Amino acid sequence: MLAANHIKLHKRSGIGIKIEADSERLERFKQALEHADLFEYSAEERKALILCRLLKHTEPIKQFSLSHQLRVTMPTISHDLDELEQMIRDHGLTLVRRRGYGVEISGPEPAKRLFIAWLAQTHLDESDLFGQAQEAVALHPLSKELLAMVGRKHFFSLEQAFWKLEDGWQLQLSEKEHLNLLIRLAVTMTRIQEGHLVPPHVNGALPSYSARGGSKAEELLRMLAMDLPSEEVRYIAKLLKATDSTEEDGLLLAQGDWTLSASVTKLIAFMEEQLGEPFTEDRSLREGLQQHMLPAFRRIEEGSMIRNPLLAQIKKDYELLFTLIRKGVNAIVSTIEVPDEEIGYMVMHFGASMERLKQFPRKVRAVLVCTSGIGSSKLLAVRISKELPQIELIGNRSWYEAARMPEQQYDLIISTVDLPIAAERYIKLSPLLLEAEVERLRSFIQNITLKHAPSPNTPETSSHSPLERLMQLKMYASDAVMLLETFQVYTMPERPGLPRDDLTDVTEELIESIRHLHAVTDEQKVVHLLLTREQHGSQVIPDTELALFHTRSDAIAFPVLSLFRFNEPLPFGDSSAAPVKQILMMLGPAELRRTALEILSEVSAMLLMTELTELLKHGSAAEIQAFISFHLEKEIKFKLDWRNEP
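Going by the UniProt record's numbering, the sequence shown opens with residue 1, and the numbers climb by one from there.
Simulated from the structure, these hints should not be mistaken for lab results. On a predicted model such as this, the values are computed, not experimentally measured, just so you know. Incorrect hints may have been included.
With a Cα cut of at most 27 angstroms, we get these calculated DSS-like pairs of lysine-lysine [what the hints assert, rightly or not]:
no., residue 1, residue 2
1, K153, K241
2, K8, K30
3, K266, K11
4, K47, K266
5, K164, K428
6, K164, K56
7, K30, K18
8, K216, K241
9, K634, K617
10, K153, K56
11, K316, K266
12, K216, K238
13, K637, K474
14, K266, K637
15, K153, K47
Start from the sequences and build out the full structure, keeping to the hints where you can.
Here it is in structure tokens:
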């Protein structure tokens, strides 16, 4: 290595060793060492690093240079490039490889930006993106490379701008959508600073945003004090346009993987049998596992890495839970190989459930922010309750929700990631709350939080105030009653000589059956939306004779819930599966308030309950209404954290 850099190594017995070269060569060698990779990479990490370096450079890179940087042979690099070529093509780019020329990725600048954002979304998590700058020293080289390409320095300025603008914009983004938008905008700012601009006419026929003083792009750029070329303004406007709510939403609920949801139910039942704990009664466990496992399993299917920095400690502290969950997952999930890292996250969910009943009265109002998922936040909540019962945990929030909360609504925020707020308002802890952290939290409360605590005579302004909770209860109850009042069971007559072998005919028959409700203003439009949903993924509930049809549209006036029973099997999905003889149809208008959406989501979640599927098969309308009403009442109380005490 020294000889390759024209540096001499002198060794003298009894004296020692030294290197000799001119100062310029030594400085270059020193810089090369500082940027040298000292990690052993997996194949996926190595391929991701290759992509990063090709996207970062504007000129071709020699394969020899890549093999030297990543400390693998040139045939290995060549094989990696072969495997990456299709992925690069799928992102609208081209891998150029020519002897004597080198390797480069060519294509339009917008496609490169989206590819960089995709890599960041695949390989980084919130703790990477929002951790303190000094923590970056210990980051994996792939994380460092991606953070530099994304431009983490832009995150807080973009987030601050969003906070000030979102009321006027009326954004309705999920946490994931919000984070993905931040990443794409940060990548855009970084690429612009590096001189990679969108050339004219790339963005297509977009409206002239310069003529619209109130456009989101112009508002954002004014807030950031940035003056960009018109093509860049149009590109940013195109990114922000995705935040506009569409006229209609083909999904009444989040599209669920019913097979995986059924696996969650089976895993909970398995663990209850193994440990004798009433896991099936824990609604929070079911919800947490489902919310975590659905996207995680999709990432596994796509070949993405699951990272769990707490895995070693989880295996040590929760050995029995880990072993049992691994056994259960191996028996229940056969379509993919679930890694230990994902099993570790499941352990957190079950560990939180086991300790849920050990909570105590609390005095200090605290909000939890945990980026590892609902299970780890629940586990942290239980640890806090056990060690410091004077803390009243008033809710779990995402990092951007917590940072927006008015200070009078809480005493402190307990977070597993750094937040862009005053240091005295939050404390950063690990999800497992180690012994040393318990003392640090106690000290933080005594020395900082309690000194800023509101006066006992201060009126209650929490989001859980009695008046606000009553108003929320009214909205939930009103939406539930409106839905259940429309509920009817339709026994569909037989049609001699006219078999129901076409799903379009069946769907038209369903809509015609509810015509008397005057809920649908454009029947053909709603039929088309329902059929499109079925084509995108079967709505048949596993191990049942039931299918769920659902959609939202401006052609629907109000929510409708209807059950249709047939004597003959219907033309759904795989002929080897159980025949479908019941259809539960849920319709809703394009614009629905949050409480109504949550009610509909809860009803769909109940379809994994055997008692309800049996009632849908044989029960009366009144019995089904009573069952759904009973469980909705429980869920509403849970959502409102309703207590019996005064």
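| said: Tell me the hint numbers this structure goes against, listed in increasing order. | reply: 3, 4 and 6
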